[in-house]
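Hey, can you work out the whole structure from these sequences and the hints?
Protein chains in written order, with my numbering: chain A, 1 to 318; chain B, 1 to 318.
Hints listed in this document are in silico derivations from the structure and should not be mistaken for laboratory results.
Each residue gets a CB set at the ideal place from its N, CA and C atoms; glycine is no exception.
Check before you lean on any hint, since a few could be wrong.
[To be verified] Distance condition first, Cα-Cα at most 35 Å in a straight line; then the derived DSBU-like pairs of lysine-lysine:
#1 A:55 x B:55
#2 B:295 x A:55
#3 B:295 x A:295
#4 A:295 x B:17
[Said to hold, decoys possible] Derived coverage of chain B by chain A (criterion: at least 3 residues anywhere in the stretch with Cβ under 8 Å from a Cβ of chain A; other residues may be distant):
#5 4–12
#6 20–28
#7 105–111
Protein chains: 2
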Amino acid sequence: MAVYTEVSFEELERLLKQYDIGQPLSFKGIAEGIENSNFYLQTDRGAFILTLYEKRVNPDDLPFFLGLMEHLAERGVHCPLPVKTGDGKSLVSLNGRHAAIVTFLTGISLRRPDAAHCAAAATVMAELHKAQEGFALSRPNALGPKGWRPLAEAIHGADTIEDGLGEMISSSLAELVAAWPGGLPSGVIHADYFPDNVLFVQDQIGGVIDFYFACNDFYIYDLAIMLNSWCFELDGSYNITKGQAVIQAYRAARPLGETEIAALPVLMRGAALRFLLTRTYDWLNQDPNALVRPKDPREYSKKLRFHNKVKHAREYGL
Amino acid sequence: MAVYTEVSFEELERLLKQYDIGQPLSFKGIAEGIENSNFYLQTDRGAFILTLYEKRVNPDDLPFFLGLMEHLAERGVHCPLPVKTGDGKSLVSLNGRHAAIVTFLTGISLRRPDAAHCAAAATVMAELHKAQEGFALSRPNALGPKGWRPLAEAIHGADTIEDGLGEMISSSLAELVAAWPGGLPSGVIHADYFPDNVLFVQDQIGGVIDFYFACNDFYIYDLAIMLNSWCFELDGSYNITKGQAVIQAYRAARPLGETEIAALPVLMRGAALRFLLTRTYDWLNQDPNALVRPKDPREYSKKLRFHNKVKHAREYGL
Numbered sequence: 001m002a003v004y005t006e007v008s009f010e011e012l013e014r015l016l017k018q019y020d021i022g023q024p025l026s027f028k029g030i031a032e033g034i035e036n037s038n039f040y041l042q043t044d045r046g047a048f049i050l051t052l053y054e055k056r057v058n059p060d061d062l063p064f065f066l067g068l069m070e071h072l073a074e075r076g077v078h079c080p081l082p083v084k085t086g087d088g089k090s091l092v093s094l095n096g097r098h099a100a101i102v103t104f105l106t107g108i109s110l111r112r113p114d115a116a117h118c119a120a121a122a123t124v125m126a127e128l129h130k131a132q133e134g135f136a137l138s139r140p141n142a143l144g145p146k147g148w149r150p151l152a153e154a155i156h157g158a159d160t161i162e163d164g165l166g167e168m169i170s171s172s173l174a175e176l177v178a179a180w181p182g183g184l185p186s187g188v189i190h191a192d193y194f195p196d197n198v199l200f201v202q203d204q205i206g207g208v209i210d211f212y213f214a215c216n217d218f219y220i221y222d223l224a225i226m227l228n229s230w231c232f233e234l235d236g237s238y239n240i241t242k243g244q245a246v247i248q249a250y251r252a253a254r255p256l257g258e259t260e261i262a263a264l265p266v267l268m269r270g271a272a273l274r275f276l277l278t279r280t281y282d283w284l285n286q287d288p289n290a291l292v293r294p295k296d297p298r299e300y301s302k303k304l305r306f307h308n309k310v311k312h313a314r315e316y317g318l
Numbered sequence: 001m002a003v004y005t006e007v008s009f010e011e012l013e014r015l016l017k018q019y020d021i022g023q024p025l026s027f028k029g030i031a032e033g034i035e036n037s038n039f040y041l042q043t044d045r046g047a048f049i050l051t052l053y054e055k056r057v058n059p060d061d062l063p064f065f066l067g068l069m070e071h072l073a074e075r076g077v078h079c080p081l082p083v084k085t086g087d088g089k090s091l092v093s094l095n096g097r098h099a100a101i102v103t104f105l106t107g108i109s110l111r112r113p114d115a116a117h118c119a120a121a122a123t124v125m126a127e128l129h130k131a132q133e134g135f136a137l138s139r140p141n142a143l144g145p146k147g148w149r150p151l152a153e154a155i156h157g158a159d160t161i162e163d164g165l166g167e168m169i170s171s172s173l174a175e176l177v178a179a180w181p182g183g184l185p186s187g188v189i190h191a192d193y194f195p196d197n198v199l200f201v202q203d204q205i206g207g208v209i210d211f212y213f214a215c216n217d218f219y220i221y222d223l224a225i226m227l228n229s230w231c232f233e234l235d236g237s238y239n240i241t242k243g244q245a246v247i248q249a250y251r252a253a254r255p256l257g258e259t260e261i262a263a264l265p266v267l268m269r270g271a272a273l274r275f276l277l278t279r280t281y282d283w284l285n286q287d288p289n290a291l292v293r294p295k296d297p298r299e300y301s302k303k304l305r306f307h308n309k310v311k312h313a314r315e316y317g318l
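Written out as C-alpha cells, the structure is:
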C-alpha cells in the first residue's frame with residue numbers, strides 16, 4: 001500500500017522511450033499491493049500500471065508471473081497484460097529495481113461482496129484454472145506445507161498477539177502437514193484470490209489482479225483460499241450462502257472430483273494456517289521503513305478455530 | 001504520500017449517491033500529499049480526486065480552500081474544481097472525516113524542471129495572484145513570521161540533525177522577525193508552490209494543485225517560496241538562469257514594485273526558514289503511524305546559508 005521507490009517524471013520519460021505506448025499524461029504512485037511500488041500511468045494511448053519489484057519478490061520468479069498474465073490474457077481471462085518494449089521484453093530495469101508495465105484494468109474491489117459477487121468471482125477462478133493449461137513455466141508454492149515450518153520457526157512471540165497462538169500454530173502445523181493430501185488435480189493457481197484482487201464494474205467482473213503469489217498447486221486449494229477470504233462475515237461467522245454460491249459457480253465451470261471434495265476441510269485449515277503464519281510473522285517483524293500497516297493475524301486464528309470443528313465439506317456449502 | 005483512512009467501495013457508492021458524476025469505474029488510493037488521504041476516482045463521466053482531510057487540516061479552513069479553488073477555476077486558473085453535491089455542498093463527511101471531490105487534472109510534476117518550465121510555472125503563479133482578486137474569504141498565514149516562534153520553541157534536538165542547527169534557527173528567527181517588511185502588495189497566495197504542485201503535459205502547464213497552505217500574504221513571498229523550491233540544483237547550488245526565468249516570466253504577467261524587489265532577499269531567507277522549521281519539527285517528531293517519510297531539513301538549512309550571503313535581489317536573477 002505504498003510507494004517504496006520513487007520515479008521522477010524524467011526517469012519515466014526515459015523508460016517510456018523503450019515502449020510504444022504514447023506520451024505520458026498522468027503518473028501517480030498508488031497505494032496498492034504490499035510488496036511492490038506501483039504507479040498509475042495514463043498516456044494518450046491508454047492507462048497502465050508501472051510496477052517496481054521490491055525486495056520481497058524473487059527476480060527469478062518474474063518471468064513466471066509476467067508470462068502467466070500474458071498466457072491468461074491471451075486466453076480471455078481479464079487480467080493485466082504485460083506490455084512489451086520495442087525489443088520484445090516485458091521486464092525492464094528502473095532505479096535499481098526490476099520493473100514492468102502492464103495494462104490497467106477498470107473496476108473496483110469490494111470489501112463486502114454479496115453472494116452474487118462471490119459466484120461471479122468463483123466462475124472467473126474456474127476459468128482461470130482452465131485457461132492456465134498449457135502454460136510452459138511452473139513455480140512451486142513457497143507458502144505451501146513445506147514452507148510453513150521454516151516460517152513457523154521464524155515466529156517468536158506469537159502469544160503476545162493472542163494467548164495460545166504459538167501452540168495453535170505448532171499443533172495445526174504438525175496435524176496439517178501429516179494430513180495434507182497428494183495427487184489432487186493441480187495446475188497454476190492464483191493463491192491470493194482475495195476480494196482485493198478481483199475488480200468489479202457494477203456487478204460484472206472487470207478483472208483479476210496481483211498474480212505475485214501464483215504457483216503450481218491443487219485447484220481446490222485455490223478455492224479454499226477463496227472461501228476463507230470471501231465467505232466469512234466481519235463478525236467472524238461463516239456465511240454458508242456465500243459458500244454455496246462460490247462452490248456452485250465454480251463447479252458449474254470446472255467440475256470437482258470426489259477426492260477434491262473430501263480434501264476440502266483439510267485444505268480450508270491449511271489455507272487459514274498459511275495466512276495466519278504470514279500475518280503473524282509480518283505483525284511481529286514490522287519493518288520501520290515499511291509504509292504499510294500489517295494485517296491482523298487474529299482474523300485467521302479465528303477462521304482456523306472455525307475450521308477445526310468442521311467435519312465435512314457440506315459445512316462449507318457443498 | 002499515503003492513505004490514512006480507507007474507503008471501501010460500498011462507502012464510495014453511498015457517497016456518490018449525493019453527487020451527479022456517474023458510476024464509479026476505478027478507485028485507487030494515491031500516494032499524494034502528506035496531509036490527507038487521496039483517492040483517484042474514475043467514473044463514466046470523468047476523473048476526480050476524493051480527499052479525506054486528516055488531522056493536520058483545520059476544518060474551519062476548508063471553506064477557504066475549496067472556495068478558493070472554485071474562485072480560481074472560474075477565472076481560468078487550471079486548478080482542481082470542487083464538485084458539488086445535489087444539495088450544492090462541496091464539503092461532505094465520510095468515515096468520520098471531512099471530505100471533498102474535486103476534478104482530476106491531467107499532467108505530471110517534474111522533479112527537475114528546466115528554465116522554460118520555471119518560466120511557465122512563474123507565469124501561472126502571477127495569473128493566480130491576479131485571479132484571486134475579489135475572493136471573499138481570507139486566511140492568515142499560520143506559517144508566517146508569527147507562527148515561527150511557537151514552531152521553533154516546539155523543536156527539541158535540532159543539533160542531532162546537523163551541528164549548529166538549533167543556533168541557526170534561533171538567530172535567523174530573531175533577525176528575520178525584526179527585519180520582516182510590512183505593507184507589501186498582498187492577497188491570497190499558494191504558499192506551497194513547489195514543483196510537486198505544478199503539473200505539466202509535455203511542456204505546457206496542466207494545472208496547479210494542493211491549495212491546502214494557501215493564505216493571505218505578500219505576493220512576493222509566494223515568489224520567494226517558488227525561487228527556493230524551483231531554482232536550486234540537487235548539489236545545493238542556486239541556478240541563476242532559472243531564477244531569471246522565474247522572475248522575468250512573473251514580472252511580465254504582474255509587475256513587481258521597488259519595495260517588493262528590495263524585500264526579496266529577506267523574504268528568500270524567511271521562506272527558507274519556514275520550510276526549515278516545519279521539516280525540522282517533522283523530522284524530530286515522526287509519527288510512528290505516519291505512512292510518509294519526512295523530508296530532509298538540511299536541504300533548507302543549506303539554502304538558508306546561501307541566502308545569508310546574498311546582499312541584493314540581483315543575485316537571485318532580478
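Evaluation of the provided hints:
no., hint, in the structure
1, A:55 x B:55, "32 Å, holds"
2, B:295 x A:55, "23 Å, holds"
3, B:295 x A:295, "27 Å, holds"
4, A:295 x B:17, "30 Å, holds"
5, 4–12, "holds (count 4)"
6, 20–28, "holds (count 6)"
7, 105–111, "holds (count 6)"
Violation of the numbered hints given earlier is absent; every hint is satisfied by the structure.
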